[in-house]
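J.: Build the full structure now, drawing on both the sequences and the hints.
Protein sequence lines, in the order shown, are assigned to chains A and B.
So for the first sequence, numbering that gives the first Met the number 0 puts the first residue at 0; every next one is plus one.
So for the second sequence, numbering that gives the first Met the number 0 puts the first residue at 0; every next one is plus one.
These are computed hints drawn from the structure, not numbers from a lab.
There is no bait here: all hints are sound.
Label pairs and their in silico Cβ distance ranges:
{"hint": "1", "chain 1": "A", "residue 1": "Pro297", "chain 2": "B", "residue 2": "Ser134", "range": "52 to 58 Å"}
{"hint": "2", "chain 1": "B", "residue 1": "Ser67", "chain 2": "A", "residue 2": "Asp273", "range": "56 to 62 Å"}
{"hint": "3", "chain 1": "B", "residue 1": "Ser134", "chain 2": "A", "residue 2": "Leu171", "range": "33 to 39 Å"}
{"hint": "4", "chain 1": "A", "residue 1": "Ile276", "chain 2": "B", "residue 2": "Gly65", "range": "53 to 59 Å"}
{"hint": "5", "chain 1": "B", "residue 1": "Val73", "chain 2": "A", "residue 2": "Met319", "range": "18 to 24 Å"}
{"hint": "6", "chain 1": "B", "residue 1": "Ile14", "chain 2": "A", "residue 2": "Ile276", "range": "35 to 41 Å"}
{"hint": "7", "chain 1": "B", "residue 1": "Gly162", "chain 2": "A", "residue 2": "Met258", "range": "31 to 37 Å"}
Computed list of lysine-lysine pairs in DSSO-like fashion (alpha-carbon distance at most 27 Å, straight line):
{"hint": "8", "chain 1": "B", "residue 1": "Lys96", "chain 2": "A", "residue 2": "Lys14"}
{"hint": "9", "chain 1": "A", "residue 1": "Lys328", "chain 2": "B", "residue 2": "Lys21"}
{"hint": "10", "chain 1": "A", "residue 1": "Lys156", "chain 2": "A", "residue 2": "Lys15"}
{"hint": "11", "chain 1": "B", "residue 1": "Lys106", "chain 2": "A", "residue 2": "Lys328"}
{"hint": "12", "chain 1": "B", "residue 1": "Lys287", "chain 2": "B", "residue 2": "Lys176"}
{"hint": "13", "chain 1": "A", "residue 1": "Lys16", "chain 2": "B", "residue 2": "Lys129"}
Don't be surprised by glycine CBs; every beta carbon is placed ideally from N, CA and C.
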Amino acid sequence: MLILIRNEVTKLLLKKKLILIIGLLIIFITLLSYGQQYTYEKNIDRFENFSGAGTYDWKSLATQRLNDLENRLDSPYIPDSGIASTEIEIRQLRYFIENDINPITPSAVKFSVDFVEQGISLLIPLIIVILAADLVSGEFSTGTIKVLLTRAVPRWKILLSKLIALILMTTLVVLIIGILSVLISYLFFRQWGFNEPVATGFSLIDGQLNADSVILVTRFQYSLLIYSLTWYVSIVIAAITLLISILVENTATAIGVLMAALIGGQFLQFFLSDWAIVKFFFVTNLDLTRYLTGSYQPIGGMSLNFSIITLGLWGLLSLMIGFMVFNRKDVLV
Amino acid sequence: MDTLVLNVSHISKSIKKKEIIKDISFQLRKGEVLGFLGPNGAGKSTTLRMLVGLSRPSAGTISICGHSIRDDYVKAMAHVGCIIEGPDLYDYMSGYKNLELLGSMSKHVTQAAIDQAVTLVGMENRIHDKVRIYSMGMKQRIGLAQALIHKPDLLILDEPTNGLDPQGIHEFREIVKSLAKDTGISVLISSHLISEVQLMCDRVCIINNGMIVQDGTVTDMLSTGEIVWVLNDPIKGQKILSENFNLASLLNEHNELIAAIDLKVLPQINATFITAGLELHTVYAKNKTLEDLFLSVTNQRTIQ
Chain A
0 MLILIRNEVT KLLLKKKLIL IIGLLIIFIT LLSYGQQYTY EKNIDRFENF
50 SGAGTYDWKS LATQRLNDLE NRLDSPYIPD SGIASTEIEI RQLRYFIEND
100 INPITPSAVK FSVDFVEQGI SLLIPLIIVI LAADLVSGEF STGTIKVLLT
150 RAVPRWKILL SKLIALILMT TLVVLIIGIL SVLISYLFFR QWGFNEPVAT
200 GFSLIDGQLN ADSVILVTRF QYSLLIYSLT WYVSIVIAAI TLLISILVEN
250 TATAIGVLMA ALIGGQFLQF FLSDWAIVKF FFVTNLDLTR YLTGSYQPIG
300 GMSLNFSIIT LGLWGLLSLM IGFMVFNRKD VLV
Chain B
0 MDTLVLNVSH ISKSIKKKEI IKDISFQLRK GEVLGFLGPN GAGKSTTLRM
50 LVGLSRPSAG TISICGHSIR DDYVKAMAHV GCIIEGPDLY DYMSGYKNLE
100 LLGSMSKHVT QAAIDQAVTL VGMENRIHDK VRIYSMGMKQ RIGLAQALIH
150 KPDLLILDEP TNGLDPQGIH EFREIVKSLA KDTGISVLIS SHLISEVQLM
200 CDRVCIINNG MIVQDGTVTD MLSTGEIVWV LNDPIKGQKI LSENFNLASL
250 LNEHNELIAA IDLKVLPQIN ATFITAGLEL HTVYAKNKTL EDLFLSVTNQ
300 RTIQ
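T.: Rendered as structure tokens:
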């Protein structure tokens, strides 16, 4: 079995897909981080011109805000529900002032998190599709499926080895996205930002943003959380791609079907958000990271747990159907 | 029977309710080279695909070296090497890497076995080049090496010489022939090329419309039991045949005398001709060509 997995990984590596993916990522990340740096500098320029002051003194602004918040906390009229969130904001501001970091300065880790948050519903799934779409269909279109399936190895083992190789490569791709986005954006921002405090854990209760369970974590911990969710989404997409790759026997068609599903799914969510069944479609549930900001609910009744379970079911079902079809398929190429 | 390498019994196959293979049975013994001859669309490829597990028969059983391909797939397949419709290889790897990768999927395939297969097909010099830049003939050689690395007892070749030039066909044929002779491997070759089958095979199955219409040795199938005499006066010969031996005969376009006879009486007939004063130039047994036979059993043009 290990040999089979090694073979599949070799095939994936020799196809040079990974190099293509890394190339695409480098281009995207460089453009985006340059863009972000540019916008940031523009904003500061504009602020300085507008306020007439020679320099943009974020520190005094932040200190002023901190004092306001502290005064508010002392006031007897503050509602109980506001205390928690105010305290958190105070702690964030203190951190920035003590460490002499402008809160709106872009940092490498912040960029990296933003990048996957934006990419999780389309760009990253597409990258996984590029990686996985020809895993089975490619063997059909080149005819190599015939030399592969006429060995003394049962078919399910061959598919399992492909699946495991795919999971390994998907994990690698998610890691690469993380590493590249941090490294490249650091070149522009000169700021790692691993220890910046981030507030997370907001929840939506009866339509009200609830801050009771909010905790402060470092941005590094937060990025681990975001990347785990990204990894989970990627694995589910990989499983669905594998199924399509088995069903259609043609790589171009497989990529087409998946792109149509991904893009069409976004449309569906946009136009038919009142229709309850849309929330069970996998594309509608891809945006896991947005639940963490608390206020996100694309369609009524959806939550982080709901989306994780729905995606999991899609992944498992795809694998089950995939294995069944692959085991019984007549190879006629 | 322990020498039975392949036993195909009553297999049928329907694809989309169309019966493509109708109740085919045949056996293959150790060391035998069997040709599977039939026009395009006769069901050769479909049958071979079922033998190597790429497709499942709707009915019937197939066993290879005593292992049923359905119940004991892994054991059965360990005895088979095959090329199904052209050599399909990973073209982004070298030929050697292809063999290594495929070899690693069978038990006990050593480096030495791979090298041996490479030498056998004469690819030592180009084996580390990418398959993408190979010619068709080179790919076919690697295809054959791929089928041989795990030392199978049964070699299944589906249209192996498609796309090869005459030189390539000749070399391929020599390799397969010497393999069968030296290693005792059984070979099943499908082809629509009659000459190829005639030159390589001990036995032929002619298949048409998903049925086996003829199964026998090449020599048996081709003999007609007819004898041809070249005489200076064939009319007189004809008269002797009908009067002395009560045999019907006819003359062909070259004025040669032809009659279907029992070979035991041939010396007697020849002696009678000579005593009657006829000049006997040549006597030979008339053989059908495999082409005649093939056309006569498959004489229908529409694909059903």
